[in-house]
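Residue numbers (our numbering), protein chains in the order written: chain F, 1 to 262; chain X, 1 to 357; chain H, 1 to 333.
These aren't lab readings, by the way, just hints derived from the structure by calculation. All values reported here derive from a predicted model rather than from experimental measurement. Glycine residues also receive a C-beta, built at the ideal position from the N, C-alpha and C atoms. Honestly, I wouldn't trust all of these hints.
Claimed, not checked - Reference excerpt, derived from the structure (chain F facing chain X, CB under 7 Å, subset only):
id	residue
1	Leu13
2	Ala15
3	Ala95
4	Leu96
5	Val97
6	Asp98
7	Ala99
8	Glu111
9	Gly122
10	Phe123
11	Val250
To be verified - Derived SDA-like pairs (lysine to any residue); straight-line CA-CA distance at most 25 Å:
id	chain 1	residue 1	chain 2	residue 2
12	H	Lys197	X	Asn314
13	H	Lys209	X	Asn314
14	H	Lys173	H	Glu199
15	H	Lys202	X	Ala135
16	H	Lys66	X	Ile157
17	H	Lys224	X	Gly167
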Amino acid sequence: MTTTASLAPALELSAIDMHYGFVRALDAIDFHVGQGEVVGLLGDNGAGKSTLLKVMSGAHRPTSGEIRVHGADVAFHSPKAATSAGIQMVYQDLALVDAQDISTNLNLGREILRKGPLGWLGFVDQKAQRRRSEAELDRLGVRTAAMTRPVEMLSGGQRQVVALARSAVRVSGDRSGILLLDEPTAALGYEQTQQVQSLIRRMAEQGIAVVIVTHNLALAMDVCDRLVVLNRGRKVADVATTATDNDQVVGWITGARASMFA
Amino acid sequence: MMNPELVSPSEARMPEPGSATPATTERDPLAIRGLIFLRDRGIVVLFALLLVAFSIWANPYFASWNNATLIANAAALTAIYGAGVAVGIICGALDLSIPGTAAVAACVCAKLITQGQPVWLALLAGLLIGVVVGALNGLIALRGFNPIVVTIGMLSITSAAAQLIAGGYSIPGLTKLQFMGTDRYLSIPAPVWIAAGLFLVGTLFLTHTRDGLRLMAVGGNAEAVRRSGVSAERYKVLGFVISGVCAALGGLVTAATVTEASPEASPGIIFTALTAVALAGVPLSGGRGSLPRVLIGALVLATIANGLTIKGINPYWGTGVTGMLLLASLGLEKWVSTSVSRRLVASAQASVHSGTR
Amino acid sequence: MNTSRRRTRAFTVLALAGAPLLLAACGSSGSNTAGSNAGTGGGSAGGSLPKTLVFSPLTLQAPALKQLSVGVQAYAKAQGWKVTVQDPNFDPTKQAQDLASVISSKAAGAAWVIAVAPDTMGATLKAAQAKGVPILINGTPQEFGYDGPQPGITFDYQDYAANGKAVGEQLGKCLTEKNGGKGDVLFSVSSPGQAGKAEFEKAAQDALKAAAPGASIVQQVVVKDRAAGQTDIGNALQGHPDLVGVMSTTDEGSLGAMGAFDAAGKKLLCNVDFGGNDEVLADVKAGKIYASVALQFADDMKQSFDTLVKMYADPTANGEVLVVPQKTVTSAG
């Protein structure tokens with residue numbers, strides 16, 4: 001569940017600053033997440049957590065600071081660069097293709113072509129794709145509707161699962177990657193949130209580093225190993241979940257409680 | 001690395017599925033399946049009904065092989081344009097430049113033939129026109145302009161180009177194109193073969209090839225495609241190119257049928273093609289659609305026009321009937337969708353852990 | 001000094017305007033087509049106007065009209081005239097405005113107008129008369145509220161009834177020759193709203209009845225373009241398998257009918273056309289089309305221009321009432 005001390009963190013940000021003119025969206029943020037670790041990024045609206053997540057995903061370039069992936073310095077010019085470095089982000093809008101089925105959605109961009117001349121013409125081996133997707137979902141411990149079910153006929157929780165799985169399989173592998181989740185349970189009910197939680201934990205167990213931005217304190221306390229709280233662009237807390245409680249965290253979020261680093 | 005035993009401890013921490021019914025129904029309830037059947041195959045039912053109705057009403061002239069080939073021939077042309085319109089809509093763009101592309105392609109081909117060039121070269125040139133116009137449409141639309149407006153502009157440009165190339169008059173005497181016009185093979189007119197071939201290739205492409213699936217995905221949710229690391233923009237342009245090629249093909253087949261290439265870009269083309277596409281249930285919002293249904297839509301239109309003309313009724317009435325059918329089919333589609341959603345929600349014990357449904 | 005100039009100009013305009021009106025008042029009692037009333041007015045203004053014809057057709061986009069404008073320019077040039085071509089592009093207001101500016105600025109010595117909206121041309125006609133610019137306009141005098149020839153205006157109209165009669169007669173003749181004067185006939189007509197449609201069609205039907213009483217028109221099909229016409233006529237053929245004759249008010253109709261019959265493997269005994277484009281004429285020569293009635297636009301152009309030149313010499317004289325010549329072409333010639 002936690003990284004061994006000898007390994008470099010999967011993702012490490014040092015002294016990240018983000019200025020927009022005179023506004024300091026992020027102020028000297030240090031952040032790290034290890035392989036197999038789930039870190040929650042908390043904070044009130046405008047605290048900067050979405051901005052920080054976007055820096056991690058390559059959507060924003062920080063004004064200053066360093067980013068290291070598996071110990072190596074990187075500079076993301078675009079989200080594509082981040083993807084190549086092994087970082088996948090799941091946005092709130094999920095971006096699934098409603099009219100197509102689960103298997104097609106999961107395999108978009110990495111289709112399996114048929115062998116032989118049909119393959120040269122671009123024909124897809126849909127059976128093989130379905131089998132592969134089923135295996136991948138099994139590995140993640142996810143059971144979902146049939147691979148041939150169109151995504152539009154899934155419930156909100158199932159869709160979230162498909163979106164998560166789509167990114168998760170792209171970061172699973174020998175060198176497990178980093179998964180960034182933006183409000184993964186924002187639109188979900190209680191039971192569906194539980195399902196997503198289980199999936200996140202299973203992914204962490206497979207070595208994927210997960211960063212979750214969320215407003216949902218219960219989710220954060222349940223599923224995260226560590227919590228990082230931002231307040232007005234500054235990091236005010238970085239603490240193991242087991243070492244803190246609801247009141248403390250709320251205090252950090254609202255600013256009632258003094259920063260750990262003051 | 002993927003230790004299967006890791007799965008079990010986490011499963012032990014899973015909460016019990018809240019839903020009461022553990023019964024894993026393998027298929028959706030009959031009602032839902034029935035409604036979906038109606039939505040997907042309703043147009044075939046409509047077509048069958050029309051055939052029966054006209055056979056009785058326009059007896060004995062309607063129900064004959066000759067008449068069937070006549071209907072198929074008329075439908076073929078609408079279907080070719082319809083394929084272009086459908087692919088455009090699926091990709092998220094209504095391509096209104098189709099009549100202009102058809103005219104330019106026909107005129108270029110005719111001009112080359114009358115200048116003594118070999119027929120295959122002239123046809124190839126015509127199809128290339130479709131590719132070029134489509135690519136231009138796509139690239140300009142990518143810059144952020146509204147695709148409908150872009151294609152309207154392209155319609156003006158291509159119409160003018162057709163007039164210029166043809167010198168203002170139709171180019172007659174294209175008897176060399178008869179092999180793809182009024183000639184019959186196995187008693188079936190050439191355009192029917194061409195349309196059938198186009199639809200076969202098109203359907204396979206959209207449903208079974210990587211690029212076709214990605215094309216449909218771009219229409220459904222371009223962002224999803226981008227997040228998968230695929231260039232959505234490239235596929236949007238491809239959609240326009242396909243639309244342009246279908247338009248060019250339609251123009252060439254029309255010219256072959258009448259042995260004359262007309263530089264008049266007939267806007268009626270868009271009307272009938274769009275009607276066929278709408279009858280086929282292809283939503284204007286894009287992302288989904290079935291080409292075979294477009295073919296049936298074209299057949300429905302041709303059947304109505306044919307039946308009414310045989311009975312001596314002004315085909316304008318046919319347009320009215322078609323319009324009403326269209327509204328009825330839209331209403332039916334909406335009703336079916338809401339019914340299906342309601343029933344799915346009611347029957348959804350959708351838990352990730354309750355297995356397949 | 002300025003005011004006196006203005007006064008002089010105003011007086012000249014009044015005089016110019018007044019003279020033709022005076023003449024019209026004098027001359028309206030005895031109107032004859034070719035008469036020229038030597039008026040008392042201040043001479044013909046034609047002499048002071050340039051030898052420039054302003055030609056304003058419906059639109060230059062239609063190839064027939066484009067060709068006409070080219071023909072006019074060539075013919076005029078050969079006679080020492082220049083031509084200014086305007087393109088109202090189906091906009092009646094634009095046509096009136098463009099003409100008004102040329103007429104009032106006296107940049108033209110003659111005007112030839114194919115009106116977009118004949119009802120609105122009244123003012124233009126009067127203005128031309130006032131300026132002494134002879135004007136030729138398409139249509140009958142009655143369409144413009146006159147009952148006969150007018151000074152300075154020549155009317156040139158298409159005799160739709162004569163057109164239709166010729167078509168009907170030819171079809172009747174063919175059916176008599178080839179089918180004993182009887183048979184089922186399809187009538188291919190143009191879209192509603194075309195000028196002269198009603199007169200043409202009635203004349204055609206009456207003439208057919210007279211020439212071949214045993215023939216009957218079993219169906220009418222509206223043909224807008226050749227491809228759609230071919231399809232629709234093919235459908236009609238299904239409902240009337242014994243069709244032997246077709247008469248069309250457009251080339252698209254006759255050519256489409258030929259295509260439909262060929263595709264159905266049937267023989268079209270009698271095909272009579274109105275229009276006469278090159279392909280149709282070639283088919284007539286080859287015997288595939290029995291006859292084609294065609295308007296002779298080239299001859300019409302010549303007669304129009306020549307009349308205008310004549311009027312230019314004396315714009316106060318009554319103009320003529322011309323008819324667009326028609327010619328029936330059969331395989332005989």
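So, going through the hints one by one against the coordinates:
no. : hint                   : verdict
1   : Leu13                  : violated, 22 Å
2   : Ala15                  : violated, 29 Å
3   : Ala95                  : holds, 4 Å
4   : Leu96                  : holds, 6 Å
5   : Val97                  : holds, 4 Å
6   : Asp98                  : holds, 6 Å
7   : Ala99                  : holds, 4 Å
8   : Glu111                 : holds, 5 Å
9   : Gly122                 : holds, 4 Å
10  : Phe123                 : holds, 5 Å
11  : Val250                 : violated, 25 Å
12  : H:Lys197 with X:Asn314 : holds, 17 Å
13  : H:Lys209 with X:Asn314 : holds, 23 Å
14  : H:Lys173 with H:Glu199 : holds, 21 Å
15  : H:Lys202 with X:Ala135 : violated, 51 Å
16  : H:Lys66 with X:Ile157  : holds, 20 Å
17  : H:Lys224 with X:Gly167 : holds, 21 Å
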